[in-house]
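Q: For reference, the chains in residue letters:
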Amino acid sequence: MTETEPAPSAAAASPASAPTGARYAGRRVRRLEDARLLTGRGMFVDDVRRPGMLHACFVRSPFARARINSIDVCAALASPGVRAVFTAADLNPDVRESWYTQDGPKVPDSPRPPLADGEARFAGDPVAMVVATDRYLAEDAAELVEVDYEPLDAVVDFREALASPVQVHASRPGNIAGRLTGTPPDAVEAACAGAAHVAEETFRQQMHTPSPMETRGIVAEWDGRELTIWSSTQNPHEVRAFTARLLGIPPERVRVIMRDTGGAFGLKVVPGREEQCVLLAARKVAGPLKWIEDRRENLLCHQARHESGRARIAFAADGTILAASIDHLQDMGAYPTPWQVGPGAAVGMLFPGPYRVPVATWTSTSVHSNTAGRVPYRGPWQFESLAREVLLDIAARDLGIDPVELRRRNLLSRDDLPWTNPNGMPYDHASPRETFEAALAALGYDAFRAEQRAARAHGRYLGVGTSSYLEPTTSGQPYYGSEEATVRVDPSGRVTVFFTGGSSGNSLETTVAQLAADALGIEFDLVEPVQGDTAVTPAGAGTGGSRSGSMTAGAVGEAARALLARLTALAAHRFGVGEDEIEVADGRAVVRGRPGVGATFGELAAYAAAAPPGLPEHLAGVLEASGRHTTPAPMLWANATHVCVVEVDVATGAVTILRHIVGEDVGPMINPDVVEGQIAGGTVQGIGGALLERQAYDADGNPLVTTLLDYLIPTAAEVPLIEYVHLETPAPGPGGYKGVGEGGAIGAPPAVVNAVVDALSPFGVKITELPVTPAAIVELLAAAGYQGGHH
Amino acid sequence: MKPAPFDYHRPDSLDEAAALLAELGDGAKVLAGGQSLIPMLALRLACFDHLVDISRIDALRGVERRDGTLWVGATTTESAIGADPAVAAAVPLLARATPLIGHAQIRNRGTFGGSVAHADPAAEYPAVVLALDAELAACSAAGGQRVIPAAQFFTGLWSTALEPEELLVGARFPVWSGRCGFAIEEFARRSGDFAIAGAAVAVELDDGEDRVRRCAIALLGMGPTPVRAAGAEAAVTGRPLAELEPADVGATAVAGLADVPSDLHGPQSYRRRVGAVMTARAFAAATAEAAARPASAGAGNEAATSG
Ligand SMILES: Cc1cc2nc3c(=O)[nH]c(=O)nc-3n(C[C@H](O)[C@H](O)[C@H](O)COP(=O)(O)OP(=O)(O)OC[C@H]3O[C@@H](n4cnc5c(N)ncnc54)[C@H](O)[C@@H]3O)c2cc1C
Numbered sequence: 001m002t003e004t005e006p007a008p009s010a011a012a013a014s015p016a017s018a019p020t021g022a023r024y025a026g027r028r029v030r031r032l033e034d035a036r037l038l039t040g041r042g043m044f045v046d047d048v049r050r051p052g053m054l055h056a057c058f059v060r061s062p063f064a065r066a067r068i069n070s071i072d073v074c075a076a077l078a079s080p081g082v083r084a085v086f087t088a089a090d091l092n093p094d095v096r097e098s099w100y101t102q103d104g105p106k107v108p109d110s111p112r113p114p115l116a117d118g119e120a121r122f123a124g125d126p127v128a129m130v131v132a133t134d135r136y137l138a139e140d141a142a143e144l145v146e147v148d149y150e151p152l153d154a155v156v157d158f159r160e161a162l163a164s165p166v167q168v169h170a171s172r173p174g175n176i177a178g179r180l181t182g183t184p185p186d187a188v189e190a191a192c193a194g195a196a197h198v199a200e201e202t203f204r205q206q207m208h209t210p211s212p213m214e215t216r217g218i219v220a221e222w223d224g225r226e227l228t229i230w231s232s233t234q235n236p237h238e239v240r241a242f243t244a245r246l247l248g249i250p251p252e253r254v255r256v257i258m259r260d261t262g263g264a265f266g267l268k269v270v271p272g273r274e275e276q277c278v279l280l281a282a283r284k285v286a287g288p289l290k291w292i293e294d295r296r297e298n299l300l301c302h303q304a305r306h307e308s309g310r311a312r313i314a315f316a317a318d319g320t321i322l323a324a325s326i327d328h329l330q331d332m333g334a335y336p337t338p339w340q341v342g343p344g345a346a347v348g349m350l351f352p353g354p355y356r357v358p359v360a361t362w363t364s365t366s367v368h369s370n371t372a373g374r375v376p377y378r379g380p381w382q383f384e385s386l387a388r389e390v391l392l393d394i395a396a397r398d399l400g401i402d403p404v405e406l407r408r409r410n411l412l413s414r415d416d417l418p419w420t421n422p423n424g425m426p427y428d429h430a431s432p433r434e435t436f437e438a439a440l441a442a443l444g445y446d447a448f449r450a451e452q453r454a455a456r457a458h459g460r461y462l463g464v465g466t467s468s469y470l471e472p473t474t475s476g477q478p479y480y481g482s483e484e485a486t487v488r489v490d491p492s493g494r495v496t497v498f499f500t501g502g503s504s505g506n507s508l509e510t511t512v513a514q515l516a517a518d519a520l521g522i523e524f525d526l527v528e529p530v531q532g533d534t535a536v537t538p539a540g541a542g543t544g545g546s547r548s549g550s551m552t553a554g555a556v557g558e559a560a561r562a563l564l565a566r567l568t569a570l571a572a573h574r575f576g577v578g579e580d581e582i583e584v585a586d587g588r589a590v591v592r593g594r595p596g597v598g599a600t601f602g603e604l605a606a607y608a609a610a611a612p613p614g615l616p617e618h619l620a621g622v623l624e625a626s627g628r629h630t631t632p633a634p635m636l637w638a639n640a641t642h643v644c645v646v647e648v649d650v651a652t653g654a655v656t657i658l659r660h661i662v663g664e665d666v667g668p669m670i671n672p673d674v675v676e677g678q679i680a681g682g683t684v685q686g687i688g689g690a691l692l693e694r695q696a697y698d699a700d701g702n703p704l705v706t707t708l709l710d711y712l713i714p715t716a717a718e719v720p721l722i723e724y725v726h727l728e729t730p731a732p733g734p735g736g737y738k739g740v741g742e743g744g745a746i747g748a749p750p751a752v753v754n755a756v757v758d759a760l761s762p763f764g765v766k767i768t769e770l771p772v773t774p775a776a777i778v779e780l781l782a783a784a785g786y787q788g789g790h791h
Numbered sequence: 001m002k003p004a005p006f007d008y009h010r011p012d013s014l015d016e017a018a019a020l021l022a023e024l025g026d027g028a029k030v031l032a033g034g035q036s037l038i039p040m041l042a043l044r045l046a047c048f049d050h051l052v053d054i055s056r057i058d059a060l061r062g063v064e065r066r067d068g069t070l071w072v073g074a075t076t077t078e079s080a081i082g083a084d085p086a087v088a089a090a091v092p093l094l095a096r097a098t099p100l101i102g103h104a105q106i107r108n109r110g111t112f113g114g115s116v117a118h119a120d121p122a123a124e125y126p127a128v129v130l131a132l133d134a135e136l137a138a139c140s141a142a143g144g145q146r147v148i149p150a151a152q153f154f155t156g157l158w159s160t161a162l163e164p165e166e167l168l169v170g171a172r173f174p175v176w177s178g179r180c181g182f183a184i185e186e187f188a189r190r191s192g193d194f195a196i197a198g199a200a201v202a203v204e205l206d207d208g209e210d211r212v213r214r215c216a217i218a219l220l221g222m223g224p225t226p227v228r229a230a231g232a233e234a235a236v237t238g239r240p241l242a243e244l245e246p247a248d249v250g251a252t253a254v255a256g257l258a259d260v261p262s263d264l265h266g267p268q269s270y271r272r273r274v275g276a277v278m279t280a281r282a283f284a285a286a287t288a289e290a291a292a293r294p295a296s297a298g299a300g301n302e303a304a305t306s307g
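Chains A and B supply the protein sequences, listed in that same order. Following the working numbering, the numbering of the first sequence begins with 1 at its first residue and continues without gaps. Following the working numbering, the numbering of the second sequence begins with 1 at its first residue and continues without gaps.
Hints were generated in silico from the structure; no laboratory data involved. Built from N, CA and C at the ideal position, the CB exists for glycine as well. Some hints could be false.
Claimed, not checked - DEER-style ranges, computed between Cβ atoms:
# : chain 1 : residue 1 : chain 2 : residue 2 : range
1 : A       : Asn69     : B       : Gly256    : 33 to 39 angstroms
2 : B       : Asp12     : A       : Asn69     : 49 to 55 angstroms
3 : B       : Ile106    : A       : Ser413    : 21 to 27 angstroms
4 : B       : Gly68     : A       : Ala716    : 57 to 63 angstroms
5 : B       : Gly256    : A       : Asp402    : 45 to 51 angstroms
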């Protein structure tokens, strides 16, 4: 049986996708994960049942900010099935170290106590943890925990945080979590002063909540010596490393197991506060301890994308960009996790985008508020694209230049690279201009303009918007820049590949099987990918930063290379010839020129296992090899252009997306289905962010959105079929592959916004705030003098 | 998101259910499809010591024609109503409202009676019940059966004229015949969401001059309960279609509404505007349907609908 099927589109089948000799990379190989996931046989953390398992539930502050005068747990402790009730006094002192590997121990991180100690800092702040024999009983008892709160004034709106007399953390004066800046602004100021036109706007993006289908969750089981953890994570080895530091136990005594993670989007890169509580309590209760974040907690406890920024772009009269700058402000909430100041720098540094911008600068300020903590979210710096691309459309209108034409005059081409942007970002191996043109060709831009005019004559408002970006993937920074894999051949001939994993929907098992089959020249079906169990997989940084494709490809490639060398040596020994006389192909090692003399991988594994006399020590035993890949580049640049076509109902403000085209260059594709799946998912999230999703608080800091009735995630009915145009500029890494995990979520929002503004161009509206709700559109139309005619 | 403890009862007959409700008093709540009640329990927004599950009582389920009316039993699922040709023929508005309720999975469990008793102001069935002046049949151990006219049924936000120990048994819908048209239009943020605003419209035209013989308009999402747009109905009744501008009908329908809600999805002014637009669109669609029917519709509306 073969798992491949013919590639449906010419672009996908393009030989550029397949390294020479590759049989599986570049193909739409059917996902190994699908059968179990689609038939309900996936294993998520809530599927873990352990004998005697106990269940945790949190008591959470109903106030945005309150002094905790006392906590009375007596009634809760007496409630049926309750085994323990923990407060800050019970758990917090046990914390040994609580830094995350990606940030290191020295980063100026904000406080992140497991349970609120003395003060609650947002509505939802965990104040106590109840442990009972089931979750129902735990929730019953949680209602009986009596907390004496003294409500305090809160700072709810992060834009007021700098000037607020309220301090979220005493150790963060002015509520500043961090402030980063680019080069001094003088050059930008000078360029602006001499410019024909300076476009300047302040953009505001609403608070999002990362909402994976599977919420967070953990099971921790302590046997007196070892801790076994089942975790919903995108980075099992970080859960292990963090836990070991948190509890002060050797990492070798911590085993983390993940099978399926039902979406993560950045939320699950590191363990959060509730997970810390469970880990700390695991040694204090008489049984495995489970906590599953429920949907209300998910909506209550995390925020992302809540930022604003004043963006400026200066132009010469012909539309040439002369300078660009952004002053960016982002909401940290009360307890950002992990350190969230750094990603703000990316907003500033990437603001010039894929354009020939000669001069630029930026600032990024991260402030605390009494709201849910900021977490990473798919393309965490995405605000740069929103601000730049929407501002470019505004500028185009002011300059009287078609927005597509304005971009053409400034976009970098493949031939312009390498090119270092004025903020120091070393762009290379990308194709912004080419991708832009390809995406517009897929639309038929001029034909669309004609269709738009015709529709307007009938009172229909169609619009098109584009958005282009360059995205750093596969960071080469320490910790992220290196990855390992181990490949083992069994006497059966089957090949097991052990790799870090952390697959949270990004199909790493399929990817690894494709790559290993190619690297070893064997059938796809012979490969057994194993990820996510720290007891057997090599350490690595997991899924995040659009790194796993390239890094895993590198690691598997290195491991396979080492294994082939070992196979060759074994075969040479077996047949008594020199290693240079052995050829390996199709799962066999044969003596050159003597096709009948050879052995399959399985036979060689059996030979090694039998360790016949005379077989050198280093070749005997289990036939396996490990390899480590260290990325040669500081980052791999992916780029894309989104083209969105909408229709706006000016009576209701309803936006219907008619088409959404993503032209993208993520290098050669390992599996076009997986690439397109990643783009589609990200794009849908971006559409949600542009039009639907919004977390919000009232003036007192009470969350207004506590269920999915109000947190509007797009459904299949709200998104069109997403169209793809693939360009493949290889990157300087394994297979030329680049990252693709985050881009969809970066590129979609500005394309949608620009399309809506374009549709409403007869009225002359400007959109600087998300989400673009129907009510907001009607308000903008009213402000522009349109009151709604008879439709 | 786990409910507080409750005792679960599953009576097999209406009498048994009524007796249980009488006996258990305030601490008891009727459970039908559970699509509104269970989420409220899970969020601990509500808490009851007893749930009385009426879903196995045969007498409460089903749709049938009774003396020129259509009877809809309380535990008939929304899906069953949507799929029943008798409903489509006799009360097209009910059939057309159904696909707008949530999603298929919800309609498979959610019931007619649950929707009406829950009385969400943005729900479709309550608006249809109100528009068509359906009669609601209720029953209790102490009071036996009684009939509540739709106009008296919806008393406030999520509250109805039902007594705590009273069960909704079903509703009797008048069957409109003649040159009729029906439409329900609503606007929701996403497919399947509760509407921001909507309107259910039924019209009958006279045979000769396309005058509006009667018109019923109920608005949803525009107040604490579904509301009849009595002013707009009066303004169009007796007038020839040619003189009527749907946008004016919409504007009249929302004029003077007192308690138009305001929330995260839109301020009052926005809902008012959408309510007017939806009324206009529903009125235009309903009148177009009616006008397209042959003048001498002696066979009645049903023949026309199924033909
Ligand atoms: C995601 C989602 C989307 C939805 N979208 C919509 C929508 O767009 N439009 C819409 O109209 N509805 C919507 N609903 C609600 C759905 O229609 C419910 O099924 C309905 O409102 C309640 O019906 P039920 O049978 O589930 O009642 P239950 O949830 O069992 O009960 C609801 C209430 O009615 C009472 N009750 C039920 N039956 C009786 C009876 N016979 N006598 C007395 N009291 C009774 C119960 O005690 C309870 O108070 C949605 C629900 C969900 C979960």
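Q: Regarding B/Asp12 and A/Asn69, is the given constraint of 49 to 55 angstroms on their beta-carbon distance met?
A: Check passed, 53 angstroms falls within 49 to 55 angstroms.
Q: Do the beta carbons of A/Asn69 and B/Gly256 sit within 33 to 39 angstroms of each other?
A: violated (51 angstroms)
Q: Cβ-Cβ distance between B/Ile106 and A/Ser413: within 21 to 27 angstroms?
A: Violated - the Cβ-Cβ distance for B/Ile106 and A/Ser413, about 52 angstroms, lies outside 21 to 27 angstroms.
Q: Can you let me know if the beta-carbon spacing of B/Gly256 and A/Asp402 is within 45 to 51 angstroms?
A: Holds, at about 47 angstroms.
Q: Given the hint of 57 to 63 angstroms, is the C-beta distance from B/Gly68 to A/Ala716 inside that range or not?
A: violated (42 angstroms)
Checked against the numbered hints above, the structure breaks hints 1, 3 and 4 and satisfies the rest.
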